[in-house]
Amino acid sequence: MTINLDSQEPVIRETRLGAVTGYQGTVGDLACQAGGCRLKNRERGFTQTTSCSSGCAQALLSQIRDAAVVNHAPLGCAGDTVAQNVTNHWGEYIRRWPYSNLPVLNTNMSEKETVFGGGEKLRGAIREAHRRFQAKAIFVTTSCASAIIGDDIAGVADSLKEELAIPIIPVSCEGFRSKVWASGFDAAFHALFQGIIQPPRRKRPERVNIINFWGRAKDRITALLGRLGLEPQFIIPFASVDELAHISEAAATLTVCGTLGTYLAAGLEQRYGVPQVKSLPPHGIAGMDSWLRELGKVVGKQAEVEALIAEEKARIAPELAQIRSRLQGKRAVLGMGPGFGHGFLGVLDELGLDVVRAVSWHFDARHDYGQCPKATQQLAERQDGLPFSVGDQQNFEIINLLRQIKPDIYFSRHVGTAVWAAKLGITTVAVTDEYSAFGYQGLIDFGHRVIDAQLNRSFAQRLSSKVKLPYTEWWLSQDAFALLKAAEEVG
Amino acid sequence: MSQFVEQIRQVCALGAMQTVLAIPRAVPILHAGPGCGQKLWSALGEYHGYQGSGYTGGHSIPCTNSGEKEVIFGGDERLREVTANTLRVIDGDLYVILTGCTADIVGDDVGEVARRFQEQGKPVVYAETGGFKGTNFYGHERVLEAIIDQYLKPVAAAASASAVEPGLVNVWSVVPYQDAFWTGNLQAIGQLLQSIGLTPNIIFGPGGGVDALRRVPKAQFNLLLSPWVGLQTVHHLEQSFGTPYFHYPIFPIGPTETGRFLRQLADYAGIAGERVEAVIAEQEAHYYYYIERSADFLFESRSGLPGRFVTIADSFYALGITRFLIQDLGMLPEVQFITDDTPPEHQQAINGYFENIAEGVRPPVVFANDGGEVREALRAIRFRERPLILGSTWDRVSARELKGYSLSVSLPISERLVLSRAYAGYDGALRLTEDIYSVILSDYQ
Numbered sequence: 001m002t003i004n005l006d007s008q009e010p011v012i013r014e015t016r017l018g019a020v021t022g023y024q025g026t027v028g029d030l031a032c033q034a035g036g037c038r039l040k041n042r043e044r045g046f047t048q049t050t051s052c053s054s055g056c057a058q059a060l061l062s063q064i065r066d067a068a069v070v071n072h073a074p075l076g077c078a079g080d081t082v083a084q085n086v087t088n089h090w091g092e093y094i095r096r097w098p099y100s101n102l103p104v105l106n107t108n109m110s111e112k113e114t115v116f117g118g119g120e121k122l123r124g125a126i127r128e129a130h131r132r133f134q135a136k137a138i139f140v141t142t143s144c145a146s147a148i149i150g151d152d153i154a155g156v157a158d159s160l161k162e163e164l165a166i167p168i169i170p171v172s173c174e175g176f177r178s179k180v181w182a183s184g185f186d187a188a189f190h191a192l193f194q195g196i197i198q199p200p201r202r203k204r205p206e207r208v209n210i211i212n213f214w215g216r217a218k219d220r221i222t223a224l225l226g227r228l229g230l231e232p233q234f235i236i237p238f239a240s241v242d243e244l245a246h247i248s249e250a251a252a253t254l255t256v257c258g259t260l261g262t263y264l265a266a267g268l269e270q271r272y273g274v275p276q277v278k279s280l281p282p283h284g285i286a287g288m289d290s291w292l293r294e295l296g297k298v299v300g301k302q303a304e305v306e307a308l309i310a311e312e313k314a315r316i317a318p319e320l321a322q323i324r325s326r327l328q329g330k331r332a333v334l335g336m337g338p339g340f341g342h343g344f345l346g347v348l349d350e351l352g353l354d355v356v357r358a359v360s361w362h363f364d365a366r367h368d369y370g371q372c373p374k375a376t377q378q379l380a381e382r383q384d385g386l387p388f389s390v391g392d393q394q395n396f397e398i399i400n401l402l403r404q405i406k407p408d409i410y411f412s413r414h415v416g417t418a419v420w421a422a423k424l425g426i427t428t429v430a431v432t433d434e435y436s437a438f439g440y441q442g443l444i445d446f447g448h449r450v451i452d453a454q455l456n457r458s459f460a461q462r463l464s465s466k467v468k469l470p471y472t473e474w475w476l477s478q479d480a481f482a483l484l485k486a487a488e489e490v491g
Numbered sequence: 001m002s003q004f005v006e007q008i009r010q011v012c013a014l015g016a017m018q019t020v021l022a023i024p025r026a027v028p029i030l031h032a033g034p035g036c037g038q039k040l041w042s043a044l045g046e047y048h049g050y051q052g053s054g055y056t057g058g059h060s061i062p063c064t065n066s067g068e069k070e071v072i073f074g075g076d077e078r079l080r081e082v083t084a085n086t087l088r089v090i091d092g093d094l095y096v097i098l099t100g101c102t103a104d105i106v107g108d109d110v111g112e113v114a115r116r117f118q119e120q121g122k123p124v125v126y127a128e129t130g131g132f133k134g135t136n137f138y139g140h141e142r143v144l145e146a147i148i149d150q151y152l153k154p155v156a157a158a159a160s161a162s163a164v165e166p167g168l169v170n171v172w173s174v175v176p177y178q179d180a181f182w183t184g185n186l187q188a189i190g191q192l193l194q195s196i197g198l199t200p201n202i203i204f205g206p207g208g209g210v211d212a213l214r215r216v217p218k219a220q221f222n223l224l225l226s227p228w229v230g231l232q233t234v235h236h237l238e239q240s241f242g243t244p245y246f247h248y249p250i251f252p253i254g255p256t257e258t259g260r261f262l263r264q265l266a267d268y269a270g271i272a273g274e275r276v277e278a279v280i281a282e283q284e285a286h287y288y289y290y291i292e293r294s295a296d297f298l299f300e301s302r303s304g305l306p307g308r309f310v311t312i313a314d315s316f317y318a319l320g321i322t323r324f325l326i327q328d329l330g331m332l333p334e335v336q337f338i339t340d341d342t343p344p345e346h347q348q349a350i351n352g353y354f355e356n357i358a359e360g361v362r363p364p365v366v367f368a369n370d371g372g373e374v375r376e377a378l379r380a381i382r383f384r385e386r387p388l389i390l391g392s393t394w395d396r397v398s399a400r401e402l403k404g405y406s407l408s409v410s411l412p413i414s415e416r417l418v419l420s421r422a423y424a425g426y427d428g429a430l431r432l433t434e435d436i437y438s439v440i441l442s443d444y445q
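Residue numbers (full-length UniProt numbering), protein chains in the order written: chain A, 1 to 491; chain B, 1 to 445.
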């Protein structure tokens, strides 16, 4: 299986990876269907607003240190920059860098452009972005409006390359193309292949690419890899254009989340022979064992890795036993994206929690290296009967499920999800940082966080007694999947 | 309208979904792409004062999540299905279908879909709010127009006697969610009206909802407390129900402006002057009790009080704050940026409201909703002392460069949690004074 890195646009996940956003069954069934390529998507008769590719693409590209984004769209498509600037400030804060604002220029597309075309306006915006930001590269993100009216973004970008003498790269991320917002990550990485990443000048055996979001654990990772004689290059946010240009020189690529990193990791292996570490995500013991062992194999440091693993595990064992005794048997439900969530279910298992149901925002039947995601395979081996559904943050289903299950804790990831469980009086742990439960010590820290969340439940309990849910009695008395339709063929 | 926009200060027309959410138990139904709701909610709701999802906002908003299929084959059928199921699943009093770019460009017949539900007696209305049509200020008025035409007119026609209720005043002012302080401000305005014997009818926020909406046609008059947003709505209400309106363009902050507002309002409403003067005297006494106590500090501070002040805000705040700081706190203005994409036909009037605030004090006014333009203009100014910058979270970066003091009052406000705080009226002016000087005092302590 290869990715077409030369095409103008990346292929969306539904087609490329057999991704679905509608499924209900068990983990074992899901993994079996994915393995046999028989997985079918199920649509819904009712849906709530989800997210789109453009937000994911812009989140990554706008945080490159010395690049800029021109968002060819009506003003609302830049709505995500408000939140992204918050994470930008957060990233600058933890790096002790001065604060800056995101270099994003929106073309403010109006009715006129939808009638007469927006090519000339885009040309002006790219020139203006170049003047304002003195960027080393400009990414041009598309929108539903620019795509439907058929603006020739690639043509405009090409026509300015000579004049501005920097890469100007179209990023095809219009929202209506894919139901899977993670397609926008692929669009951002595809853009890197299109105009940023250079062939290696030399190989750097000490360098390891790490695909992540904000990199809060960067100092810990630097120390960890340092013990193996390796050094990390964090991708994409807060990297520079020059650093990204040379990620082809690394000895290996690791990713903190399979959903996030699949396209870039596989593409780097395919085009430049940079081995992709095909492991679990690095959360908890099993995750970190897998992350380090697979890395060790790739860079030839198995002995060092085994020594490190043994030392760290021995160190945390007594405290972990204490944590497990306090959380043993607590019933948990998890709702997260697949790359992160399927691995994170292992963390909950290691903490002694009893996971009774999991929901995934989408599911990729395979990753770009051609196999069903490793985390899903392992999960199916460990707990094949676990009730499992896929829904793109469809709160009406989740609320219905949680109300029936009444778990002790709900673990969520993604802004705007945790509150709904809290409104049911359920203790909620929002796992917003990608390095929550990172490795051995991270597991201990996270375990204490879960214990603390259980200690004082008054806020959620009081809130739930005072607010009304927006659902009708009719809906709350239905099966949670009553509006999930029969399957149809995909990919 | 700025040609390009860096650092957004408002969103597109579909942002009016937050106007719907501001009406208790009203439910927006988006006929739009999958990311519109999330992006608009995160800018206007979640990361702007952390206003959150509320009853059915954020990722709970019904949406067709239109994809390739709806773009190529049309989305009417999908909208019909999602609307029908919304009525079954979401417990609401009023449902407002809002279109995004996809539906408006491919030309879905959304009106026809909505009419089918209306014929069945369902409280469903629709507005065309494709993002390319304008800002959320534009969308806000389209939503109100849709509610007036498709919901209120049939209500008024069915009522046997839609007699005017004397003293009932519909309150139209700040745009919900765009103004992070909207709930507090509307409540404060309501209290001002009550203080002189009027009955405020506030549609948005706590206590509002469809009952308040249904009273709209019965009002004695509409009050528009806004420089330009809402003018179309009060005109439309006048045409639809014959209700006159009183337009006071300045958002009243502080005793001078609030007193002027109350006197003119009372005059319009036919309320006796003595009653209003008694209210003003009582409120001013309360206000000056606190200001007198703070005056020691304000006249003797060693903390390096700000030199000139700059506002970078919607016209509501730019005008309201500027007039308060000049009239009541005796500050001096530098340039004032108005960032609400003010239509050209309203700019001259707004310019005029900045004149004659105090003798010899006339701030330059710049209309710009492009943050890059604001940043470059600010860099060109030579401030002799540390300026006070009343803008948004974006402007804190410029404020640091200028060694200024910054207080965020305009979208986006992502470094403050906003609950019931209000800046309107007498108490609002005290809050604003507290906030400004707390920024200054905490800067070095």
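Derived by calculation from the structure, the hints in this document are not laboratory data.
Careful: at least some of the hints might be erroneous.
[What the hints assert, rightly or not] Residues of chain A clear of chain B, computed beta-carbon distances all greater than 12 Å:
| # | residue |
| --- | --- |
| 1 | T26 |
| 2 | E43 |
| 3 | P98 |
| 4 | E111 |
| 5 | G300 |
| 6 | R315 |
| 7 | A321 |
| 8 | D354 |
| 9 | Y435 |
| 10 | R449 |
| 11 | P470 |
[To be verified] Subject to a maximum C-alpha distance of 35 Å in a straight line, what follows is the list of computed DSBU-like cross-link-like pairs (lysine-lysine):
| # | chain 1 | residue 1 | chain 2 | residue 2 |
| --- | --- | --- | --- | --- |
| 12 | B | K403 | A | K468 |
| 13 | A | K468 | B | K122 |
| 14 | A | K40 | A | K485 |
| 15 | A | K218 | B | K218 |
The model shown is predicted, which means the values in this text are computed figures rather than measured ones.
Note that beta-carbon positions come from the ideal geometry of N, C-alpha and C, so glycine has one too.
Consistency of the hints with the structure:
Annotated as non-interface, T26(A) keeps its C-beta farther than 12 Å from every C-beta of chain B; the closest such distance is 25 Å. Against chain B, the non-interface label of E43(A) is violated: not every CB pair exceeds 12 Å, the least being about 10 Å. Distance to chain B contradicts P98(A) as a non-interface residue, since its nearest Cβ pair spans about 8 Å, not more than 12 Å. Distance check for E111(A) against chain B: the nearest CB is about 5 Å away, which does not clear 12 Å, and the non-interface claim fails.
Every C-beta of chain B lies more than 12 Å from that of G300(A), the closest at about 43 Å, which supports listing it as non-interface. Non-interface status of R315(A) relative to chain B is upheld: no Cβ of that chain comes within 12 Å, the nearest being about 39 Å off. With a least CB separation of 38 Å from chain B, A321(A) remains clear of the 12 Å interface cut-off, as annotated. With a closest Cβ-Cβ approach of about 27 Å to chain B, D354(A) is found to remain outside the 12 Å limit, as its non-interface label requires.
With a least beta-carbon separation of about 22 Å from chain B, Y435(A) lies farther than 12 Å from that chain, consistent with its non-interface assignment. Listed as outside the interface, R449(A) is consistent with that label: its C-beta sits roughly 21 Å from the nearest C-beta of chain B, beyond the 12 Å cut-off. At the 12 Å boundary, the C-beta of P470(A) falls inside the reach of chain B, the nearest C-beta of that chain being 4 Å off. Distance restraint check for K403(B) and K468(A): the Cα-Cα separation of roughly 47 Å exceeds the 35 Å cut-off, and the hinted pair is therefore not satisfied.
For a cut-off of 35 Å, the pair hint linking K468(A) to K122(B) stands: about 22 Å separates their Cα positions. Among the hinted pairs, K40(A) with K485(A) is consistent with the structure: their alpha-carbon atoms are about 11 Å apart, no more than 35 Å. Between K218(A) and K218(B) the alpha-carbon distance is near 63 Å, which puts this suggested pair outside the 35 Å criterion.
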